[in-house]
Amino acid sequence: MTVLDSKIPAGPLQDKWQNWLDAHTLVGPRNRAGKNVIVIGTGLAGASCAASLGAQGFKVKSFCFQDSPRRAHSIAAQGGINAAKDYANEGDSAHRLFKDTIKGGDFRSREANVMRLAQLSENIIDQAVAQGVPFNREYSGALATRSFGGVLVQRTFYTRGQTGQQLLLGAYSALEHQVAAGNIEVFNRHEMQDVVIVDGEARGVIVRNLITGEIERHAADAVVLASGGYTNVYYLSTNAMGSNVTATWRAHKRGAFFANPCYTQIHPTCIPQSGEYQSKLTLMSESLRNDGRIWVPRKSGDDRPPAEVPEAERYYFLEERYPAFGNLAPRDIASRAAKVVCDDGLGVGGTGRGVFLDFRDAIGAQGKDAIERKYGNLFEMYSRITGDNPYETPMMIYPAPHYAMGGLWVDYELQTTIPGLFAIGEANFSDHGANRLGASALMQCLADGYFVAPHTVTNHLAKNHDEVSTSDSAFDEVESDVRGHIQKLMDVGGGTSAQAFHREMGHVMLDKCGMSRTAEGLDEALTDMRKIKAEFWSDLRVDPGDEEFNQSLEYANRVSDFLELGELMIHDARRREESCGGHFREEHQTDDGEALRDDDHFAKVTAWEFGGDDPVPHDEALVFDDVKLATRSYK
Amino acid sequence: MKFTLEIWRQFDGSDENDKGRFETFQVEDIDPDASLLEVLDQLNERLSREKQRNIAFDSDCREGICGACSLVIDGTPHGPQQVTSCQTYMRDFIDGQTITIEPYRANTFPVIRDLAVDRGALDRVIQAGGYISTTTGPQPDPNAMPVSPEVQEQAMDAAICIGCGACVAACPNGAAMLFTGAKVTHLNVLPQGQPERQDRVIGMVEQMDAEGFGGCTNYGECSRVCPQEISIDVIGMLNREYRKAKLTKKSKPDKAMTTQ
Ligand SMILES: Cc1cc2nc3c(=O)[nH]c(=O)nc-3n(C[C@H](O)[C@H](O)[C@H](O)COP(=O)(O)OP(=O)(O)OC[C@H]3O[C@@H](n4cnc5c(N)ncnc54)[C@H](O)[C@@H]3O)c2cc1C
Ligand code: SF4
Ligand code: FES
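So the protein lines, in turn, are chains A and B. The numbers in the first sequence follow this note's numbering, run straight up by one, and end at 635. The numbers in the second sequence follow this note's numbering, run straight up by one, and end at 1260.
In isolation and in its complexed conformation, chain A is listed as follows (with noise of 0.2 angstroms):
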């Protein structure tokens, strides 16, 4: 079995990542310009990521698969980011967001890494505002905070509700002004296909141009996957339609492998589903929670319209379990309440799966101005999207799949098992442990964006390495296994299009695989998806031409992977005999129906190594010095 190194320095836990800064290997500026870093992606991490290493003169090229680098699915976060810079004078430190996000993560992560991420959360904001980033301000000019799910203080950075949108507008000029530098190329409409391997060493990749269909290779002393999450698993999510897991699917074939596959984040606050042809789901954002009240009638089946229900007939069944935190509580805790509901018959709606958001109290107290000032926009597109009007009528809403804590395993220099390759931004699992807090996302991207990844490939930089020409026979071996990939797509032959699969492959691993599960649902999961993909590679239609724009097959390629994802979720979801975090087996339950964990058996990662249907799991045992393990409570 390897023996996995998650490399983490000496000393005590606050003075770690500034030892391992003194401690690591520079590459002088004369010769930067000689190293080349391949960056995949141009998401918050991404591109935060090549902008810092171009600054510092490496070359690097940056591939996305949109038409322009700027749309990056990280544009779409609405709510904000957080920082401990304690300016509401809360008391809040590193120390205390370190230990929330521990908790939040039902103590499923690295304390060394999440202890970093807090402190380097100052940092980030101080960046994106040199940048240009247009953060709310106070009428005295200084930053806006408020707060956010699972969390007791002000420590969320926001503007308005497109957060994401300005941050990562910030980091793609920083990488434009490389760009013009001269320092980074863009491919911009090019997929990477897969990783190429010299001597031990991630050297390479081939890729598609998805305009012209030609397959490329490129070279470089480091390759950086900042891929993104994997939640279109579940088909209909909150990602972006093109958000997908081939990068670092590819990856992990190749042999890097994939830690917590099963723990994936479903968020409390989305539109609910209206029909069959719906392509995604839209979040709205959490920051909505700090003002809006949620609830469902008493009464099953009371059809009055919301206004009419006095008070003694709703139940704000957050604000009656989770007294502490009420609405605020964190995400898995507030997506599964409202599932309970919603199963004992209690939700609303077309569907009967939804609940109430309400805004009368918080407009009543504040004022519509005051409502209007905060979530102006996200009601606006609330309204847009349901043709309701949230100011007169509360919102309904219910959970959707969102985000993917785990993902590609890395130890504390965010390398994958395979030297050279790096996985940073939400590609990889390293920070959220079992369960996501809300604005950390954000948070973690651009720490490692800006502030780890880029010292910790210098590292790697640092280490000599033999030229490479695109013209080894690795690139050779590997670029025929892609062109045979692509070619055994194009040869099904056919009648049904990758999204019918797709949309079928969701419907198994969110009923089965989603917000509960059990070992006979898996066990039927993991047939279900297998009898799909034998159909998807027997009933599959792509059309013709692979050397052309051809989207059709970019989509089948794509569903491909997240065909074999869903199965090694399902074979993970099934070994980790306990709840935690997102990951509820409905046989590990208190009797009030809460999560419990098996902190003897499963305080670990487990990292897959591939397997095809057999895939390996490695554990990484998790030591918990500073915090002490315990029940999570939001009571």
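To be clear, the hints were calculated from the coordinates, so they are not data collected in a lab. Just so you know, not all the hints are guaranteed correct.
[Unchecked claim] Pairs of lysine-lysine residues, derived as DSBU-like cross-links and limited to a Cα-Cα distance of at most 35 angstroms, are as follows:
(1) Lys-628/A - Lys-7/A
(2) Lys-1249/B - Lys-59/A
(3) Lys-253/A - Lys-488/A
(4) Lys-533/A - Lys-1051/B
(5) Lys-1002/B - Lys-533/A
(6) Lys-1051/B - Lys-488/A
[What the hints assert, rightly or not] Partial list, computed: chain B residues near chain A (C-beta under 10 angstroms):
(7) Thr-1024
(8) Gln-1026
(9) Glu-1028
(10) Ile-1030
(11) Ser-1035
(12) Asp-1058
(13) Ala-1068
(14) Arg-1113
(15) Thr-1135
(16) Ala-1155
(17) Gly-1215
All values derive from a computational prediction rather than experimental measurement. Beta carbons are placed, not taken as given, at the ideal position from N, Cα and C, and that holds for glycine.
Following the hints, position chain B with the ligands against chain A.
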């Protein structure tokens, strides 16, 4: 609901002989709450079953923020609702109506296939100065440089541009003034943006010209289609900034780049 869709088909913009044409499709049983792009998805699923080539179009977020979707709907970029193409719902149309769907028409946005176009020129305008030249590293505490909420609002009202290019497609001159004006306004009203204020506007305007975007003759179509409701005032700001910079700046910065 049911509709007749007149959809532009074009194999490849670089093929001289393929000038493109409309094809007609009938769609039925459409849910009024479906979006127009979801109707195209459904149509593509059907075309797959019929072993016909799918219709190519761009989209990603499907919630109006990434700027990928780029259809001309019934003659107007993003359609008559002043929202993005992906936020156009079938309930916005009349049952039984014919809807025409075309790609953006602008010589700076060559067609890649069917409804998908290349908007790389907009990225190059940003490369010519649409940033603050700071690099990653220790930065001053933001509260050391207070920004009043009014200024923040003004910056933010411009910064929300999604780079969709509808303004260009709507402009009879194919100008990119609204897009460029939005970026210049965002950065030039903020204290952080002051040092490069002049280089920025000169660089971006010259790149706009180099790419072949037209000039502004005040049609105002751009802000009428802009899904982010970017105000036409940003064009006034762009012009003023440019004039001032040209008058007071001595040497021309070497920023304009060649079209790639
Ligand atoms: C609707 C929504 C709202 C959210 N709101 C918040 C919030 O308020 N606060 C918060 O902290 N988090 C939020 N999140 C989560 C957060 O936005 C994401 O976790 C984060 O943006 C992921 O960033 P990333 O850089 O890792 O990847 P992404 O932004 O997903 O970027 C992935 C990049 O990789 C590229 N790519 C992928 N595969 C390939 C390939 N094979 N070849 C080439 N390129 C490839 C893509 O083109 C893209 O550029 C939200 C998420 C959603 C869906
Ligand atoms: S100014 Fe408006 S129309 Fe033009 S690119 Fe920006 S958002 Fe699109
Ligand atoms: S698809 Fe993102 S704005 Fe329309």
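Quiz item: Under the criterion of a CB-CB separation shorter than 10 angstroms, is Arg-1113/B in contact with chain A as hinted?
Solution: Holds, about 4 angstroms.
Quiz item: Would the stated hint for Ser-1035/B survive a check requiring a Cβ distance to chain A of less than 10 angstroms?
Solution: holds (8 angstroms)
Self-check item: Interface hint status, Thr-1135/B versus chain A (Cβ within 10 angstroms)
Solution: Cβ of Thr-1135/B sits 4 angstroms from chain A, so the hint holds.
Exercise. Answer holds if the nearest beta-carbon of chain A is closer than 10 angstroms to that of Ile-1030/B; otherwise answer violated.
Key: The hint holds - Ile-1030/B has a Cβ within 10 angstroms of chain A, the shortest such distance being about 8 angstroms.
Quiz item: Are the Cα positions of Lys-1249/B and Lys-59/A separated by 35 angstroms at most?
Solution: holds (33 angstroms)
Quiz item: How about Asp-1058/B: closest beta carbon in chain A under 10 angstroms, or not?
Solution: holds (6 angstroms)
Quiz item: When the nearest CB of chain A is found for Glu-1028/B, is that gap smaller than 10 angstroms?
Solution: At about 13 angstroms, which exceeds the 10 angstroms cut-off, the nearest Cβ of chain A leaves the hint on Glu-1028/B violated.
Quiz prompt | Interface hint status, Gly-1215/B versus chain A (Cβ within 10 angstroms) | solution = Violated - the Cβ of Gly-1215/B stays beyond 10 angstroms from chain A, reaching only about 24 angstroms at its closest.
Quiz prompt | Straight-line alpha-carbon gap Lys-1002/B to Lys-533/A, limit 35 angstroms | solution = Satisfied, since the Cα-Cα distance of roughly 34 angstroms is no more than 35 angstroms.
Quiz prompt | Hint consistency between Lys-628/A and Lys-7/A [alpha-carbon to alpha-carbon, up to 35 angstroms] | solution = holds (22 angstroms)
Quiz item: Is the shortest C-beta separation between Ala-1155/B and chain A less than 10 angstroms?
Solution: holds (4 angstroms)
Practice problem: Under 10 angstroms, Cβ to Cβ, is where Thr-1024/B needs to be relative to chain A, so tell me if that hint holds or is violated. | Solution: violated (20 angstroms)
Comparing the model with each earlier hint shows violations of hints 7, 8, 9 and 17; every other hint is respected.
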